[in-house]
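Peer 1: Here is what each chain is made of, one letter per residue.
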Amino acid sequence: MIFHPAIMALLVGSLLVTLMLLYSSYYGVQVIRKWDIKSGSELQLCLERRTYLVSTIMSYMLFFQLASFYLFIFTADAIHATFVSAMCAAGSLNVNEYGYPAVIIKMVNFLFAGTWLIINYADNRAYDYPLIKKKYLLLLVITPLMVAEFIVQGAYFIGLKANVITSCCGSLFSTDAEGIASEIAALPRLPMKIAFYLSTALTLASGMYFCLRSDWSGYVFSFLSIATFVVSVAAMISFISLYFYELPTHHCPFCILQKDYGFIGYLLYIALLGGAVSGLGTGALMPFRKIQSLSQIVPSIQRRLAFMALILYFLFTVVVTYRMIFSDFILEGY
Amino acid sequence: MIELSDIRKVFNSGKPNEFVAIDGITLSVERDKVVVLKGPSGSGKTTLLSVIGCMTRPTSGRITLSGKEITSLPERFLTEIRRKSFGFVFQQFNLIKGITAMENVILPAYPTGEGFPDLKKRALSLLELFDLSARPITKVEWLSGGEAQRVSIARALVNDPSVIIADEPTAHLDTKLSKDFMEIIGKLKVRRKTIIIASHDPIVYESAAVDRVLEMRDGRILSRATRQ
Amino acid sequence: MSRFNKQRNILDFTLSSLLRRRTKNSALVIVYTLIVFSLASVLFFTQAIKKEACIVLQNSPEIIVQRIVAGRHDLLPADYIDTIRAITGVQSAKGRLWGYYFEPAAGANYTLMVSEEPGVEVGRIVIGQGVSRTIHANRADIVPFRRYDGSYTSFEVSDILSSESELVSSDLVLISESDFREMMGIRGEYVTDAAVYAKNKRELFMIADKIKRILPDTRPITKDEILRTYEAIFDWRGGILLVILSGAVIAFVILAWDKASGLSSDERREIGILKGIGWETSDVIAMKFWEGAVLSLSSFSLGIILAYIHVFFASSALFEPALKGWSVLYPEFRLVPHMDPLQIATLFFLTVVPYTVSTIVPSWRAATIDPDTVMRL
Chain A
4 MIFHPAIMAL LVGSLLVTLM LLYSSYYGVQ VIRKWDIKSG SELQLCLERR TYLVSTIMSY
64 MLFFQLASFY LFIFTADAIH ATFVSAMCAA GSLNVNEYGY PAVIIKMVNF LFAGTWLIIN
124 YADNRAYDYP LIKKKYLLLL VITPLMVAEF IVQGAYFIGL KANVITSCCG SLFSTDAEGI
184 ASEIAALPRL PMKIAFYLST ALTLASGMYF CLRSDWSGYV FSFLSIATFV VSVAAMISFI
244 SLYFYELPTH HCPFCILQKD YGFIGYLLYI ALLGGAVSGL GTGALMPFRK IQSLSQIVPS
304 IQRRLAFMAL ILYFLFTVVV TYRMIFSDFI LEGY
Chain B
-5 MIELSDIRKV FNSGKPNEFV AIDGITLSVE RDKVVVLKGP SGSGKTTLLS VIGCMTRPTS
55 GRITLSGKEI TSLPERFLTE IRRKSFGFVF QQFNLIKGIT AMENVILPAY PTGEGFPDLK
115 KRALSLLELF DLSARPITKV EWLSGGEAQR VSIARALVND PSVIIADEPT AHLDTKLSKD
175 FMEIIGKLKV RRKTIIIASH DPIVYESAAV DRVLEMRDGR ILSRATRQ
Chain C
116 MSRFNKQRNI LDFTLSSLLR RRTKNSALVI VYTLIVFSLA SVLFFTQAIK KEACIVLQNS
176 PEIIVQRIVA GRHDLLPADY IDTIRAITGV QSAKGRLWGY YFEPAAGANY TLMVSEEPGV
236 EVGRIVIGQG VSRTIHANRA DIVPFRRYDG SYTSFEVSDI LSSESELVSS DLVLISESDF
296 REMMGIRGEY VTDAAVYAKN KRELFMIADK IKRILPDTRP ITKDEILRTY EAIFDWRGGI
356 LLVILSGAVI AFVILAWDKA SGLSSDERRE IGILKGIGWE TSDVIAMKFW EGAVLSLSSF
416 SLGIILAYIH VFFASSALFE PALKGWSVLY PEFRLVPHMD PLQIATLFFL TVVPYTVSTI
476 VPSWRAATID PDTVMRL
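Chains as they are written, first to last, in the numbering used here: chain A, 4 to 337; chain B, -5 to 222; chain C, 116 to 492.
Hints in this document: simulated from the structure, not taken from any laboratory.
Just so we're clear, the structure is a prediction, and the values are computed from it rather than from any experiment.
Note that beta-carbon positions come from the ideal geometry of N, C-alpha and C, so glycine has one too.
Some clues are possibly wrong.
Said to hold, decoys possible - Derived lysine-lysine pairs resembling BS3-like cross-links, with alpha carbons at most 30 Å apart:
1. A:K262 - C:K374
2. B:K183 - B:K62
3. B:K9 - A:K41
4. B:K133 - C:K165
5. B:K62 - C:K121
6. B:K62 - A:K136
7. B:K91 - C:K374
8. B:K114 - A:K37
9. B:K9 - A:K136
10. A:K262 - C:K316
11. C:K165 - A:K137
12. B:K114 - B:K91
13. A:K262 - C:K121
14. B:K78 - B:K183
Said to hold, decoys possible - For the chain A half of the interface with chain B, some residues (derived, Cβ under 7 Å), not all of them:
15. I40
16. K41
17. E45
18. Y130
19. P133
All chains should be built: construct the whole structure from the sequences, respecting the hints.
Peer 2: Structure (structure tokens):
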């Protein structure tokens, strides 16, 4: 185990959030069993008061998830020197089998937390809490995921030993190594570019269509926006990062978070994550359009979310394309 | 305008200290009228005011406000309705110490999201209405009893509500100030406000401005006397 | 726009109510700031020293070869160096002569080193600031030394090393080769260890491997290994100190929770009034949030600024007793100021996050005070 202060900070933060979620889930079970909006009994009033607590906790959780996601990557980057041949976070994460799963779980939890908050927002606007039980069922799904994150992250850090020989991102993400990272890096460039621009264009188009017509196209849009998220991440590894590093072999998705590249990675990943959450939220609300108390509320929320997703994906594409056009690096020919 | 139908309010239900504050009240309050709830302490006047003023949900029964049922509305909707439609004057004035008269007046309007300059203008005009224009920046601890009461009435009016609810407003006032208070009530009635007062003070329930007196005891209404 | 205004109004009220309860809040702010200050000082100090050590290490040889006899560091035969030079990939190999010297009168341990540049004349020494201070020796002073065989010799101080390099040179005594060998009794065919430089940095591992195979009684140490070990040690030290301070953090969290839960009747009355006149539970929660945010922001910033000044301008004066330990030759140094977002994020997670979490439930409890209560005040 490495006693780096940032690692302790992450473990402490993760523990606290997990405990808060377990606490919320306990009350969530009560809500699912005993909620009755028509009743004026003291139990019902007490339950209603508790929902404020759970909402507050989840809002904080979302913020901490985002912050700790970045802190996690940053820490992995900072400790890379402790491992032989690790040059950046990519190497540190590869030291044991929990590193990359921890990143994935953190991302998934962030998306879930964001979706929960969107559903919560819609539920609160209606005059009879129509989604309350579904909302708390979702909470009961998120809590074990959060516990899993705590365990996996903890296992990763505890299993870190200095001097372990790992790989640097150069070999992890190189085109001729094995493993999923290099599979992605080795994807043929032109088809990847087409896939990226195509999925983004389709998402933007379906989003605009949905904003205008507000019908079942919301499902299509939501699905496309998730797909675009996945494709964009793959595209980052496959060819976008090359333009930022101006090297035909540097595929690492983490190095662009460093100061050397103007911290541009933050902007790009926040845009992608924000777009994914907004798209996911739009889709999550689709089944509830028919509920009477929500019929006025949900469409307007969805429109706002779709608009936000469009802006974020557009921003991402613009920044990336700008870099591709104006960088001195010409990829074709490699 | 406000309809209560078989309202019951029970505290500590199921426990040994269970207490029935209101026991089946059916009541209808008309627009632009002044109603007084008269009765000894413990008769349920305050709880009834709470229920009417959307401060607490009844244990059973139904309430309608201007035709819309509000019994099981979640707190955030209830509060919004309360903020827009009701203004409260409390027995102890309940002004917040340490801040000025004007700040106290605009406090109920903070959550509405209006800009501070607009709020300030409204507050100043209300203070002027109550002869308090000299006092906006005075901290409330320095106000006299009568001034403090007028500030609390001004506060009740800041969101331009249609109903004013007052709980024992003259309990800490001398005869002259009590009469002044009922005069203000009369003026508010002319301005088309509905007013509900709970009081056992004769100056209140015998005042000319009052349209109806409801006598309460043990959580029930005993008699309904209408004037004129 | 209205949402923004609403938050602004609530923030306005929060600030005024914080100022109205100055005493209670200042106690919390002071403790909060102290906690941030302690953790930040530890963090800044360990990271800055780590950085210094790594910078200094950049100039050290890529491989250092030592001879190991019976598991301990022994003198290296000079002809080993020729063998090493012959290995492909080695750019240059030089013998180094250095050792420790204990001066009983001062109770201090010097590091004696033979230096090529700057060269030292026979009969003269160049000493570090720490040595100079301890034995009160200035330029042209004569300093006595005891030889390995008990006899005495003395050297004239020709120069004193600059105070900028104090962190590494404080206890250094630079001496000429002949004087060193004479004083320590080391014959010409031995050196202390060898410094090896390679043409291609990537081959260091292989070269070290070869050295180990050809000269099995040696231990080659690469600069990389040293860097990693340093990093690990400093991180570990910083981490241990933080673990020790965690007791303080926990006490602070309990204090915060207690303060947040223990609403005075005055505060309770105030919140009751707010709820009575039309504030919603989420408005009061927002107020509590702003309260926490203002307190956290001020304490966090103040704590970090004070720690920065403490570590980088006052040379961590408060840590001195712990750091100095037995060392007599404690260097006076100024660390290069260094602060990065990772440190700030770490501090944030170790202070603001626990504080916020401890106040969530008490704030909520305060916010859910029944508006009904205002009628019964």
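Peer 1: Hints first: check each against the structure and report whether it holds.
Peer 2: Verification of the supplied hints:
| no. | hint | in the structure |
| --- | --- | --- |
| 1 | A:K262 - C:K374 | 41 Å, violated |
| 2 | B:K183 - B:K62 | 24 Å, holds |
| 3 | B:K9 - A:K41 | 22 Å, holds |
| 4 | B:K133 - C:K165 | 56 Å, violated |
| 5 | B:K62 - C:K121 | 27 Å, holds |
| 6 | B:K62 - A:K136 | 26 Å, holds |
| 7 | B:K91 - C:K374 | 21 Å, holds |
| 8 | B:K114 - A:K37 | 45 Å, violated |
| 9 | B:K9 - A:K136 | 28 Å, holds |
| 10 | A:K262 - C:K316 | 25 Å, holds |
| 11 | C:K165 - A:K137 | 51 Å, violated |
| 12 | B:K114 - B:K91 | 19 Å, holds |
| 13 | A:K262 - C:K121 | 37 Å, violated |
| 14 | B:K78 - B:K183 | 18 Å, holds |
| 15 | I40 | 5 Å, holds |
| 16 | K41 | 5 Å, holds |
| 17 | E45 | 6 Å, holds |
| 18 | Y130 | 5 Å, holds |
| 19 | P133 | 11 Å, violated |
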